[in-house]
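Student: Residue strings, one per chain:
There are 2 protein chains.
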Amino acid sequence: MAAQNPEEVLARFEELSVLESEFDDVELEIIRKSNALNAPLYKKRAAVVAKIPHFWALVFEQSPPEVDNFIQPSDSKVFAECLETFEVSRFEIDDPKGSPRSFSIKFGFGDNEYFEDRVLEKKFWFRKALDGDGWQGLVSEPVKISWKKGKDMTSGLTDAAYDLYQAKKNLADAANGDAKAKESSLPEYRALAKKIELSEEASISFFAWFGFVSSWRWISAEESEQASKAEAERLEKRKRGEKVEEEPTEDSNEDFQETEVFPQGDELATIIAEDMWPSAIKYFKHAHEADDEELSDLEVEDYDEDDSDGEIDIRGLVGKGRNSKDSSESPPPKKQRKT
Amino acid sequence: MAAQNPEEVLARFEELSVLESEFDDVELEIIRKSNALNAPLYKKRAAVVAKIPHFWALVFEQSPPEVDNFIQPSDSKVFAECLETFEVSRFEIDDPKGSPRSFSIKFGFGDNEYFEDRVLEKKFWFRKALDGDGWQGLVSEPVKISWKKGKDMTSGLTDAAYDLYQAKKNLADAANGDAKAKESSLPEYRALAKKIELSEEASISFFAWFGFVSSWRWISAEESEQASKAEAERLEKRKRGEKVEEEPTEDSNEDFQETEVFPQGDELATIIAEDMWPSAIKYFKHAHEADDEELSDLEVEDYDEDDSDGEIDIRGLVGKGRNSKDSSESPPPKKQRKT
Numbered sequence: 001m002a003a004q005n006p007e008e009v010l011a012r013f014e015e016l017s018v019l020e021s022e023f024d025d026v027e028l029e030i031i032r033k034s035n036a037l038n039a040p041l042y043k044k045r046a047a048v049v050a051k052i053p054h055f056w057a058l059v060f061e062q063s064p065p066e067v068d069n070f071i072q073p074s075d076s077k078v079f080a081e082c083l084e085t086f087e088v089s090r091f092e093i094d095d096p097k098g099s100p101r102s103f104s105i106k107f108g109f110g111d112n113e114y115f116e117d118r119v120l121e122k123k124f125w126f127r128k129a130l131d132g133d134g135w136q137g138l139v140s141e142p143v144k145i146s147w148k149k150g151k152d153m154t155s156g157l158t159d160a161a162y163d164l165y166q167a168k169k170n171l172a173d174a175a176n177g178d179a180k181a182k183e184s185s186l187p188e189y190r191a192l193a194k195k196i197e198l199s200e201e202a203s204i205s206f207f208a209w210f211g212f213v214s215s216w217r218w219i220s221a222e223e224s225e226q227a228s229k230a231e232a233e234r235l236e237k238r239k240r241g242e243k244v245e246e247e248p249t250e251d252s253n254e255d256f257q258e259t260e261v262f263p264q265g266d267e268l269a270t271i272i273a274e275d276m277w278p279s280a281i282k283y284f285k286h287a288h289e290a291d292d293e294e295l296s297d298l299e300v301e302d303y304d305e306d307d308s309d310g311e312i313d314i315r316g317l318v319g320k321g322r323n324s325k326d327s328s329e330s331p332p333p334k335k336q337r338k339t
Numbered sequence: 001m002a003a004q005n006p007e008e009v010l011a012r013f014e015e016l017s018v019l020e021s022e023f024d025d026v027e028l029e030i031i032r033k034s035n036a037l038n039a040p041l042y043k044k045r046a047a048v049v050a051k052i053p054h055f056w057a058l059v060f061e062q063s064p065p066e067v068d069n070f071i072q073p074s075d076s077k078v079f080a081e082c083l084e085t086f087e088v089s090r091f092e093i094d095d096p097k098g099s100p101r102s103f104s105i106k107f108g109f110g111d112n113e114y115f116e117d118r119v120l121e122k123k124f125w126f127r128k129a130l131d132g133d134g135w136q137g138l139v140s141e142p143v144k145i146s147w148k149k150g151k152d153m154t155s156g157l158t159d160a161a162y163d164l165y166q167a168k169k170n171l172a173d174a175a176n177g178d179a180k181a182k183e184s185s186l187p188e189y190r191a192l193a194k195k196i197e198l199s200e201e202a203s204i205s206f207f208a209w210f211g212f213v214s215s216w217r218w219i220s221a222e223e224s225e226q227a228s229k230a231e232a233e234r235l236e237k238r239k240r241g242e243k244v245e246e247e248p249t250e251d252s253n254e255d256f257q258e259t260e261v262f263p264q265g266d267e268l269a270t271i272i273a274e275d276m277w278p279s280a281i282k283y284f285k286h287a288h289e290a291d292d293e294e295l296s297d298l299e300v301e302d303y304d305e306d307d308s309d310g311e312i313d314i315r316g317l318v319g320k321g322r323n324s325k326d327s328s329e330s331p332p333p334k335k336q337r338k339t
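Chains S and E are the protein sequences, given in the same order. Quick note on numbering: UniProt numbering labels position 162 of the first sequence as 162, and the sequence is numbered without any gaps. Quick note on numbering: UniProt numbering labels position 266 of the second sequence as 266, and the sequence is numbered without any gaps.
Think about it this way: if two alpha-carbon atoms lie no more than 30 Å apart in a straight line, the pair counts; the simulated DSBU-like pairs of lysine-lysine are:
1) Lys43/E <-> Lys33/S
2) Lys33/S <-> Lys33/E
3) Lys33/E <-> Lys282/S
Calculated directly from the structure, the hints in this document are not laboratory data. It should be emphasised that the depicted structure is a prediction, and the values quoted were computed from it without experimental measurement.
In isolation and in its complexed conformation, chain S is listed as follows:
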């Protein structure tokens, strides 16, 4: 551990940066490989679980705490009543301009009392920023949910997030580039910021997650492409041993998080895509283990709607209620905990 001069240390850092990009390439290859190998299994799984009532509602019910903590009893009720299909896909995996890290999370619903939509799909794009210390991560667009009258579980958050996003787009189209400064003076900006201020984060509906944009700020496909190019150029220079000038970091005074309806939306999406989705069978089996232990059963049909005040223990709905009896619907077989 001899003392080193600054030039030597700088050289080591350049070597580490080159290595980091090599690790990154391997990771992308592994994602592609994993996607290819798992695709036929996901297809088979979808066919099997289509025949199991409430499969995905039960998976959500038994999901890891990082997901479960965001699901309110009223959200569980919606899942139990009408969530029919669920799918995660890597929609940019073959797109040379996209990223294998981008993914979409798609919910298929039956006819229900809450919203008109039969499909709610939320896409997450893996993008890189030009400024901000080379930030990279997942960004998304607010998904419009067509809530039925008086049924909006987010008290207007998804609508307001969607409206602001549209207003920003229009502003950008009109002003072209010079738009950023004006965003915070949009009436839609103030409306959303106010709504977020008033909402209680602890009891916010999972459905507000459909309004998520970014844990930092929105990054367009164009900006991300430019950032990737600049990164590739720096990498080439590093490999040739040339000195690399870093892009200056623009300090932004704007508080992008003031209008983010679901601040940890990207983390939640990642856990859903990388843990809940691949391990769904495991979580489903957990539901039936809990079932066995507490002698309960699926009893959505028996559920008395009048009890619904948002405070009920929805677990009774999908398999963990203490006072439930056997029902003729989908009795979980005993002794199926092992593989």
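Please arrange chain E on chain S, whose structure you already have, making use of the hints.
Tutor: Relative to chain S, chain E alone:
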């Protein structure tokens, strides 16, 4: 979502169990592929970081909270003073009787005042239990640390864990099979249980982790092999559509956790192996970002030992101290936060 008869539901469960084992096979293939692709990069990385003083101490310092929470200021001090090499390897990856999920975590230390060992290696074997609802996971053996006189940071926990492990082995060799019932009457059992009872978990040294055995109970290679065989037989039956009898679950009244010195040792090891190890460069760079922001530097040499009372902010040691100045040793280059 039509009502189903129990036989149909049972058939779906059998299908899911077959699918689960197919997902498992894919996961193992991915681990092997990832290991092969990353191996040359880990080798390159080791060569680069060997030239960077305190690289691994800084990585531990900036590790995710799931690791960092277990590292006491006094542990950081040891890492900063004498941790020279660090390596994770999947030592059973080519062993048909082993598992690609098994791994070893190896620390290389310079001459130091705390222990005689220059290498401390902790191995984790991925094993399956015959009983206990098909439990599978990582088990380990206590590693003997040759503490110098008066320097045992675990107040005897690693020694007691090692002694009990040896005593159990001798007991098993002598009694052959009938040993389990007697384990809890071993003097080494009572000695360790007492030590654990007296230790304060909140301030337990990271080095106690070397004494970890299992989050459930010890499982031998033989038992795991037998369990894997039984599992494979059940799978074959399922594929042929035959009825599968599950193994009866033996309820054990013994509290294995009474003598576990580091109850979450397997989780900690997993995060070290699957996050900290592959992302070490990222965490190392974080250390230097913190550095930049607080105008501090590596200054282990400047550290005044007399201040050490176990309550100091060890971050000053390895790069985050607020009152530090530039030192000639390893000044972190500025503006290196981007890749």
